[in-house]
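4 protein chains.
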Amino acid sequence: MENAIFSWESEVRDYECDLQGIVNNANYQHYLEHARHLFLKSRGIDFAEVTARGIFLIVIRIEIDYKYPLRAADRFRVDLKLERLTRIRFVFEQEIFRAGDDKLAIKARVFTAAMNKEGRPILPRELEALLPGLESQ
Amino acid sequence: MENAIFSWESEVRDYECDLQGIVNNANYQHYLEHARHLFLKSRGIDFAEVTARGIFLIVIRIEIDYKYPLRAADRFRVDLKLERLTRIRFVFEQEIFRAGDDKLAIKARVFTAAMNKEGRPILPRELEALLPGLESQ
Amino acid sequence: MENAIFSWESEVRDYECDLQGIVNNANYQHYLEHARHLFLKSRGIDFAEVTARGIFLIVIRIEIDYKYPLRAADRFRVDLKLERLTRIRFVFEQEIFRAGDDKLAIKARVFTAAMNKEGRPILPRELEALLPGLESQ
Amino acid sequence: MENAIFSWESEVRDYECDLQGIVNNANYQHYLEHARHLFLKSRGIDFAEVTARGIFLIVIRIEIDYKYPLRAADRFRVDLKLERLTRIRFVFEQEIFRAGDDKLAIKARVFTAAMNKEGRPILPRELEALLPGLESQ
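Residue numbers (numbering that gives the first Met the number 0), protein chains in the order written: chain P, 0 to 136; chain B, 0 to 136; chain X, 0 to 136; chain G, 0 to 136.
Just so you know, these hints were derived from the structure itself, not from any lab.
Be a bit skeptical, because a hint or two may be false.
One copy or two, either will do: identical chains are not told apart, so a pair holds if it fits within one copy or between any two.
[Unchecked claim] In silico BS3-like pairs for lysine-lysine, Cα to Cα no more than 27 Å straight-line:
(1) Lys-106 <-> Lys-116
(2) Lys-66 <-> Lys-116
(3) Lys-116 <-> Lys-102
(4) Lys-106 <-> Lys-66
(5) Lys-40 <-> Lys-116
(6) Lys-106 <-> Lys-80
(7) Lys-102 <-> Lys-66
(8) Lys-80 <-> Lys-40
All chains, full assembly: derive it from the sequences and hints.
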């Protein structure tokens with residue numbers, strides 16, 4: 000992905016494949032989520048700790064194009080970019096590539112927001128701090 | 000959902016909830032997939048058997064709007080409709096409602112196709128047989 | 000199972016099968032756990048609510064004999080019995096049968112206890128209330 | 000683990016935690032399985048490829064002691080040893096340690112065998128080749 004601001008590499012685990020012999024569709028969401036959480040952590044935002052404080056980082060919409068299936072033991076890389084949509088909404092652009100030949104497996108747009116316990120949209124300081132770097136995009 | 004052609008009811012299992020205390024996003028894909036497979040089965044198409052014969056029913060794109068989170072022990076209903084996009088592409092419209100108050104939890108569009116082992120698009124007789132009922136839509 | 004005090008029936012979901020075409024071993028733990036939680040609920044103990052109050056019902060040991068694999072679309076029944084080991088330890092005997100022919104798929108012993116947030120063993124009143132019925136076993 | 004013949008390190012992914020805030024019991028089986036498959040692969044045995052050839056490496060019994068829970072973002076290490084029980088049965092001794100302080104989280108014994116498509120026990124050449132190294136244990 001051009002201008003990716005974060006990447007995570009891993010490998011398919013056999014139990015993530017279903018009876019078609021390929022990674023089950025839902026598991027790509029796991030890869031995408033884990034990459035986002037690692038990105039947040041790299042910027043000082045710990046998902047579990049933020050949740051424990053009553054701040055809910057939530058996905059409000061996801062679009063995933065399944066371009067090419069990953070198989071047992073494939074290595075892959077998840078790239079991501081982050082864009083601000085509104086004052087309180089963000090979209091992660093994420094792509095998953097098979098390692099080795101950089102074959103595009105997954106292309107996703109993940110729309111996110113933050114809420115407090117009462118379900119009100121909020122903008123926690125930590126996320127605000129992520130934004131200067133996003134300003135120019 | 001208006002004009003749903005199939006519905007499946009079930010309940011959230013505690014292990015499907017994550018540390019936010021709500022159903023993890025990826026698990027809604029499991030609910031959606033299971034409802035589609037039950038629908039196919041109700042029309043005589045067994046997913047595992049079709050797969051064993053070398054026909055791969057695949058998702059090529061998914062769009063999910065997360066409207067309201069389901070929680071531990073919530074009962075829910077998945078409704079679906081099926082539309083033909085092109086001769087060989089279909090889209091399942093699917094919605095998940097919390098039982099009891101019919102609160103809309105998930106709204107999804109799932110774009111699907113069928114392929115043979117060589118990755119060529121095909122239209123197996125069983126899917127063709129689904130289509131007359133779709134013609135008019 | 001002879002003298003089962005609770006049963007739960009369901010069906011295998013395709014995504015629970017792995018590339019061997021059978022239910023992945025870890026998923027039987029999901030079935031066993033969900034059956035235990037439904038049993039507790041039938042006796043007025045809501046797992047999520049108990050957890051939210053700082054009481055952790057935990058598994059300390061599990062023994063599972065994999066007798067016969069379940070496959071895509073198989074229906075199954077989980078039976079359970081509950082025995083008290085010590086004042087604060089319990090063991091659930093659980094068996095999973097394929098519906099239709101009652102073929103034994105899984106035989107499990109699940110050793111459990113309750114802890115408070117500090118990790119101290121406790122015996123919440125709700126569990127105590129389960130016990131009279133257990134006394135005689 | 001003393002005399003471990005294989006180790007795999009990884010980290011907890013947030014979606015693997017449940018509403019107790021700790022890794023769900025079933026997910027440790029995923030960690031244990033993935034470590035075994037990586038071990039086999041390191042010895043030239045590819046689980047998916049072996050399965051495609053009609054050889055089923057199966058778990059016949061598992062015993063897991065849950066010693067200490069892993070939490071979101073914990074790093075961990077899975078160690079394993081392999082013992083031959085009979086000509087065709089093997090047991091993997093596996094332990095999972097939290098990284099950093101080497102706290103024991105999981106202690107498991109996993110009894111395995113190999114079968115052909117007809118369900119008959121077999122001893123594929125690849126497993127036989129693993130055995131000389133096991134003889135002396």
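Status of the hints after comparison with the structure:
1. Lys-106 <-> Lys-116: between (31 Å within a copy, 23 Å between copies)
2. Lys-66 <-> Lys-116: Classified as between: cross-chain Cα gap 16 Å, same-chain 37 Å, threshold 27 Å.
3. Lys-116 <-> Lys-102: between (41 Å within a copy, 19 Å between copies)
4. Lys-106 <-> Lys-66: Classified as both; 7 Å inside a copy, 22 Å across copies.
5. Lys-40 <-> Lys-116: Result: close both inside a copy and across copies, 22 Å intra and 26 Å inter.
6. Lys-106 <-> Lys-80: Intra 12 Å, inter 25 Å, cutoff 27 Å: intra and inter.
7. Lys-102 <-> Lys-66: The answer is within: 9 Å in one copy meets 27 Å, while 33 Å across copies does not.
8. Lys-80 <-> Lys-40: within (15 Å within a copy, 34 Å between copies)
When held up to the earlier numbered hints, the structure conflicts with none and fits them all.
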